[in-house]
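Peer 1: Sequence:
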Amino acid sequence: MTRIVLAGVATVTGVAFLLAYPTSTKTGTTVAATTAPMSAATAGDSPSLVEGASGSRTVDGDVAQTQWGPVQVELALEGDTITGVTVLQYPDSTPHDAQINAYALPILVQATVEAQSAQIDMVSGATVTSQGYLSSLQSALDTAGI
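In mature numbering (1 follows the signal peptide of the UniProt record, and there is no 0), the protein residues as written are -20 to -1, 1 to 126.
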């Protein structure tokens, strides 16, 4: 009888420790700050190039239609250097879509700025959004001539 009680207590303690274990050092607060709200652009919109002062410019990629919704990015460039990426459109019609993309899009944006190209890894669990992001990103890079 004592063994059964000890096994039960050990199991409950082990489960409690597993549930308390932090799985990531990243917080959700930085996620929302890196993605822009969805715009009213449609799939028929063409990529655009906007010149700014001293070689800075923004380039919109094509809208990539995915099975979960459209994905579109805008590149901020200084010469041929990618200084930032804004996600103009992304699937967020369900709480699950919003949760996945709140996690995945900042990873994709950071990887783009670090790689300075579309040669980045896709995010596990957000394969469809990653494919749309890469498609729109590549069209923006093509439009910019990079």
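These aren't lab readings, by the way, just hints derived from the structure by calculation.
Ideal Cβ placement from N, Cα and C applies to all residues, glycine included.
Be aware that one or more of the hints could be misleading.
Stated by the list, open to error - Pair by pair, the computed Cβ-Cβ distance ranges are:
#, residue 1, residue 2, range
1, THR66, VAL(-16), 56 to 62 Å
2, LEU(-2), THR74, 44 to 50 Å
3, ARG(-18), GLN90, 49 to 55 Å
4, GLU94, VAL(-9), 40 to 46 Å
5, PRO75, GLN45, 19 to 25 Å
6, THR107, THR63, 24 to 30 Å
7, GLY64, VAL(-16), 57 to 63 Å
8, ARG37, PRO2, 38 to 44 Å
9, VAL(-9), GLN45, 44 to 50 Å
10, THR63, LEU(-2), 38 to 44 Å
11, ALA95, LEU(-2), 33 to 39 Å
12, ALA82, PRO2, 17 to 23 Å
Peer 1: Indicate, hint by hint, whether the structure satisfies it.
Peer 2: Against the structure, the hints:
{"no.": "1", "hint": "THR66 x VAL(-16): 56 to 62 Å", "result": "holds, 58 Å"}
{"no.": "2", "hint": "LEU(-2) x THR74: 44 to 50 Å", "result": "violated, 26 Å"}
{"no.": "3", "hint": "ARG(-18) x GLN90: 49 to 55 Å", "result": "holds, 51 Å"}
{"no.": "4", "hint": "GLU94 x VAL(-9): 40 to 46 Å", "result": "holds, 44 Å"}
{"no.": "5", "hint": "PRO75 x GLN45: 19 to 25 Å", "result": "holds, 22 Å"}
{"no.": "6", "hint": "THR107 x THR63: 24 to 30 Å", "result": "holds, 27 Å"}
{"no.": "7", "hint": "GLY64 x VAL(-16): 57 to 63 Å", "result": "holds, 59 Å"}
{"no.": "8", "hint": "ARG37 x PRO2: 38 to 44 Å", "result": "holds, 41 Å"}
{"no.": "9", "hint": "VAL(-9) x GLN45: 44 to 50 Å", "result": "holds, 49 Å"}
{"no.": "10", "hint": "THR63 x LEU(-2): 38 to 44 Å", "result": "holds, 41 Å"}
{"no.": "11", "hint": "ALA95 x LEU(-2): 33 to 39 Å", "result": "holds, 36 Å"}
{"no.": "12", "hint": "ALA82 x PRO2: 17 to 23 Å", "result": "holds, 18 Å"}
Checked against the numbered hints given earlier, the structure breaks only hint 2 and satisfies all the rest.
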